[in-house]
Amino acid sequence: MSAENHCSCAQVNEDELYPELEELIAQHNGKPTELIMALHKAQNLFGYLPKKAQEFISEKLNVPISTICGVISFYSFFSTVPKGRHTVKVCLGTACYVRGGQQTLEKVEKELNTKVGSTTEDRRFSVDVVRCIGACGLAPAMLVDDDVYGRVKSTKIMDILGKYE
Amino acid sequence: MIRAYINNVEVEVDEGTTILEAAKKAGFIIPTLCHHDDLKPHGSCGICVVEIEGFPSMKRACMTEIVNGWKIHTNSAQVRATRKVLLELILLNHYMDCPTCIKNNACELQQLAATLGITTLINQSNFKRKPIDSTSLSIVRDPNKCIMCGRCIQVCTEIQTVNALALNNRGFYTSITDAFDVGLGNSPCVNCGQCTVFCPVGALYEKSHAENVWDAINDNSKHVVVQEAPAVRAMLGEEFGMEPGTLVSGKMHAALRRMQFDAVFDTNFTADLTILEEGTEVVDRIKNGGKLPVITSCSPGWVKFMETFYPHLSEYVSTAKSPQQMFGTLSKTYYSEIKGIPAENIVSVSVMPCTAKKFECARPEMNDSSFRDVDYVLTTREIARMMKEAGIDLREMPDEPADNPMGEYTGAATIFGATGGVMEAALRSAYFLITGKELEDVDILPVRGMKGVKEAEIDINGMKLKVAVAHGLGNARIILDKVSEQLQNTGKSEYHFIEIMACPGGCVGGGGQPWGSDMARRARRGETLFQEDKSLPFRRSHENPSIKAIYEKYLEKPNSEKAHHLLHTHYFKRSKVDGRIINDT
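Residue numbers (this note's numbering), protein chains in the order written: chain A, 1087 to 1251; chain B, -7 to 577.
These aren't lab readings, by the way, just hints derived from the structure by calculation. Check before you lean on any hint, since a few could be wrong.
Unchecked claim - Cut-off 27 Å, straight-line C-alpha distance, at most; resulting in silico cross-link-like pairs (BS3-like, lysine-lysine):
1) B:K380 - B:K95
2) A:K1117 - A:K1201
3) B:K565 - A:K1137
4) B:K429 - B:K568
5) A:K1138 - B:K565
6) B:K214 - A:K1117
7) A:K1196 - B:K122
8) B:K214 - B:K95
9) A:K1239 - A:K1249
10) B:K565 - A:K1117
11) B:K279 - A:K1127
12) A:K1196 - B:K474
13) A:K1249 - A:K1175
14) B:K331 - B:K549
15) B:K568 - A:K1137
16) B:K474 - A:K1117
17) B:K554 - B:K526
18) B:K568 - A:K1138
19) B:K279 - B:K568
20) B:K554 - B:K540
21) B:K214 - B:K331
22) B:K122 - B:K283
23) A:K1117 - B:K549
24) A:K1242 - A:K1137
25) A:K1137 - B:K526
26) A:K1146 - B:K565
27) A:K1127 - A:K1117
28) B:K565 - B:K549
29) A:K1193 - A:K1117
30) B:K540 - B:K429
31) B:K122 - B:K95
32) B:K122 - A:K1201
33) A:K1146 - A:K1201
34) B:K526 - B:K540
35) A:K1201 - B:K549
36) B:K474 - A:K1146
37) B:K443 - B:K380
38) B:K122 - A:K1146
39) A:K1138 - A:K1193
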């Protein structure tokens, strides 16, 4: 099992990060054309782009908040939801799909009480969909962080997820 | 000069002319959808495509400048077929409930479908409807109708610089929304309603109070009074097929009476009152070294804009309420007392060229009469619809005056509806208040006209009064930034008095005006108001006999304690993110 390589956002009080954000984006202050640079830095700091950080950047760079939302929602790199400590990626490539990938996904969503693209309330898991991870022989497959699980039956899912805290 | 051929017709045009303009000159209409004369072309819809000989692909006529020698085809079989496909794709994503849509018969998309000869029925059985945004007190946004032309974003960002709307997401999921998609009522939107005027379809429109007003009229226990803003009389005729700029003051009063309003008054009366209250404030601040410049406060779109983006200037904005709100308060105090009608039985309705007035009347502090000062606000579009519903043909109405005691008005009041009008009206009375003499030539031409920012120096008995007028909030920023800088650097501004109107053209260009208005039409309506001004017996607000009477009988004198309590207000600081009040300033 891979070492935990995600930040533990939930344990850090986000408010404490704003002085650091202010320092990081100081060079962009008052420069609306440098919005994307500032957003990158904020996302690296928080792990995502919380609403408050968007408002902070809006004020500092003098960019309307509506423009910032437009940019963030356009680029798939930017995320407005925090990432969990672990990322579950269910494969919906052709092979996995025909062998029940969709059911796997539904089971994951149900067990974790969350939806694709979201994170559980305790920030333990984020759920995403991937299109083929090259493990078609093991279909249906899923990834938790960097670990590949093949022939995932819906009954096995809770056991797998239980290994990750 | 550039010579080119459009459908084999030779045209000569200036350099920089677009194909669209050149075709018009050659007698060909190229259909458009996203294009609007008052906005920069940005070619989002593609309906105006044309063929140019020697080019493999079609070009958009609205944003392609014509080149010498080009042979252009605007109506070939391929062009017509392409346009049809484009339009059918747009229609597929546009929820079509045409007969019940607010834009029925005034919809540019509907007209285009007729022009292009769309005959295929479009199957919308799988159309996934999205929720309608009715969070705003003034404007409703229906994403199911939106065709993503982007006009609303352009007017909101480029002309008004409010930036409430933006494009979000991409591909199939693209949508036009406010930040965080929480609804316009939770955004910095100032309710100016220009988006509703520019929207070609029924995706943006006013939040209607029509049913509430019908209910009040039908309720015999209610005494329903109505006021009409200066600008309405210059545009209401258009809704009944009259020429833009036809003056219908008398017909409008007659029509409202026939709709069974119990008393038909006129906002122009309180416009005159505003001049006395605001003019006295200006003169007082000049004489006694108060805060200068004084900035006008009639435009509720501007007031919310100021609270959101220029809160540091709030002390400079006149404390005088807008004419609508002054009228509302007086209808439930002064009128209620002299008529002996209990204020709780009075329903105060206003007819405005404005969507922001709906927000203004709902402001919690607007209850100085101990009741909601103004109960319902109807836009020009709504009152026209209601008149039609009541079977009233405005064109056939006689000319009738408004009722007393709040119906008499001067020329100074009627020009409130055009940019520069409040300034001109105030100067006419300020001259009198400062010198005790009457201003002979009341036409103050430098503050008139459609130029975005107008400045003038007015000589009042040797005293130089520096004034500025801005209409459209982008233009307002120019003057406000200048004032802010001057105040910050020297603690003083070169200006004494500034008029700001949120909408381009002033109220005659308001967000509640007839659909599809352009700047030319707004200018014509403004001229109409100056014509009415010329035709009236009194042209200075302080000469209005009913105004003299209300001060004698009720308010004592301008800026008296009673007047302050009833006719003045205060402002707040608002968030640029959601428009909510941050604190009392």
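>> Hinted pair, alpha-carbon criterion (27 Å max): B:K474, A:K1117. Please report holds or violated.
In response: Given pair B:K474, A:K1117 holds - Cα atoms ~20 Å apart, limit 27 Å.
>> Check the hint pairing B:K568 with A:K1138 against an upper bound of 27 Å on the C-alpha distance.
In response: Holds, at about 13 Å.
> Within 27 Å, alpha carbon to alpha carbon, are A:K1127 and A:K1117?
Replying inline: Holds, because 15 Å separates the two Cα atoms, which is no more than 27 Å.
> If you draw a straight line from the CA of B:K554 to the CA of B:K540, is it 27 Å or shorter?
Replying inline: Holds - the C-alpha atoms of B:K540 and B:K554 are around 15 Å apart, at most 27 Å.
> For the pair supplied as a hint, A:K1196 and B:K474, is the alpha-carbon distance within the 27 Å limit?
Replying inline: Cα-Cα ~59 Å, so violated.
> Taking 27 Å as the top limit, are the C-alpha atoms of A:K1249 and A:K1175 close enough?
Replying inline: 15 Å, holds
> Taken at face value, is the distance from the CA of B:K565 to the CA of A:K1146 at most 27 Å?
Replying inline: This hinted pair holds, its Cα atoms lying about 19 Å apart.
> Under the criterion that the straight-line Cα-Cα distance not exceed 27 Å, is the pair B:K279, B:K568 satisfied?
Replying inline: 36 Å, violated
> Does A:K1193 lie within 27 Å of A:K1138 when you go C-alpha to C-alpha?
Replying inline: 33 Å, violated
> Is it true that the CA of A:K1117 sits at most 27 Å from the CA of B:K549?
Replying inline: This hinted pair is violated, its Cα atoms lying about 51 Å apart.
> Is the straight-line distance between the alpha-carbon of B:K279 and that of A:K1127 27 Å or less?
Replying inline: Outside the cut-off at roughly 54 Å; violated.
> Given the hinted pair B:K214 and A:K1117, is their alpha-carbon gap at most 27 Å?
Replying inline: Not satisfied, since the Cα-Cα distance of roughly 57 Å exceeds 27 Å.
The earlier numbered hints that this structure contradicts are 2, 4, 6, 8, 11, 12, 17, 19, 22, 23, 24, 25, 28, 29, 33, 35, 37, 38 and 39.
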